[in-house]
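If you read the sequence shown in UniProt numbering, its first letter stands for residue 1, the second for the next number, and so on.
Simulated from the structure, these hints should not be mistaken for lab results.
All C-beta atoms, glycine included, are put in the ideal place defined by N, C-alpha and C.
Do not rely on the hints blindly, as some may be mistaken.
Straight-line Cα separation of at most 27 Å, DSS-like style, residue types lysine-lysine; simulated pairs [to be verified]: (1) K28 to K228; (2) K199 to K228; (3) K75 to K51; (4) K171 to K28.
Label pairs and their calculated CB-CB ranges [said to hold, decoys possible]: (5) Y102 to R178: 25 to 33 Å; (6) K219 to A35: 15 to 23 Å; (7) K111 to K229: 46 to 54 Å; (8) K105 to Q220: 40 to 48 Å; (9) E126 to E183: 18 to 26 Å; (10) E26 to V213: 22 to 30 Å; (11) G164 to K112: 30 to 38 Å; (12) E26 to K105: 20 to 28 Å; (13) G164 to L103: 27 to 35 Å; (14) G19 to K229: 19 to 27 Å; (15) T217 to Y102: 32 to 40 Å.
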Amino acid sequence: MLEIQNLNVHYGGIHAIKGISLKVEEGKIVSLIGANGAGKSTTLRTICGLKEATNGSIKYKGIELTKLDTSEIVKLGVTMVPEGRRVFSNLTVYENLLAGAYLRKDKENIKKDIEYVFDLFPRLRERINQRAGTLSGGEQQMLAIGRALMSRPKLLLLDEPSLGLAPVIVKEVFRLIRRIHEEGVTILLVEQNAFEALKLCDYAYVLETGRIVLEGTGKQLLEDERVKKAYLGG
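Please put together the full structure from these sequences, using the hints given.
Structure follows, in structure tokens:
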């Protein structure tokens, strides 16, 4: 579904992504784990067209994404939930969800999809007219995911969905990611919580200073001594 080949990305003189290659197969959850500054978020931003690739290829269903702008990539079915949630704080919950459907014209289906989001996240229904900036961190994360789902993605990119959340909310977020996946959405997950990410995913890549240094199934990496030592407190 998504295939990255020899991707390089620079920020000025900094070589942030150094020739990485990875695949996301349709219907799978793939995790990208690594320390702060490893290049995980840069990888997602480049897939979405928010950061320009220096060279290399990013293909989604055979279509080269590096030549497209972000709105064209969203229309193809690729949507990102950014790190730090980035909800529109002055807009209500309902208005944030509508903003997620801004490229769509099918008004009746938009109404159905808002109901779907409220079924996934009942707390958002309770706060439908509340300004997003007044929500808790967990509620804002739910809203950010719900807003992304309003574009009807086939491939959902999640950038640090558990960051800054209480442990009980983290478990809820991962449970909801699993449910979204079970309903047919392929997921590429960037996550510092390596244990939860590896438990959840089918396949994973470990990124260190812009390079992929390890890959394997979630189970394989959970049992890998190098991963245990570096990321799992073992």
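Taking the hints in turn, this is what the structure says about them:
| no. | hint | result |
| --- | --- | --- |
| 1 | K28 to K228 | holds (23 Å) |
| 2 | K199 to K228 | holds (13 Å) |
| 3 | K75 to K51 | holds (18 Å) |
| 4 | K171 to K28 | holds (20 Å) |
| 5 | Y102 to R178: 25 to 33 Å | holds (28 Å) |
| 6 | K219 to A35: 15 to 23 Å | holds (22 Å) |
| 7 | K111 to K229: 46 to 54 Å | holds (50 Å) |
| 8 | K105 to Q220: 40 to 48 Å | holds (44 Å) |
| 9 | E126 to E183: 18 to 26 Å | holds (22 Å) |
| 10 | E26 to V213: 22 to 30 Å | holds (26 Å) |
| 11 | G164 to K112: 30 to 38 Å | holds (32 Å) |
| 12 | E26 to K105: 20 to 28 Å | holds (26 Å) |
| 13 | G164 to L103: 27 to 35 Å | holds (29 Å) |
| 14 | G19 to K229: 19 to 27 Å | holds (25 Å) |
| 15 | T217 to Y102: 32 to 40 Å | holds (37 Å) |
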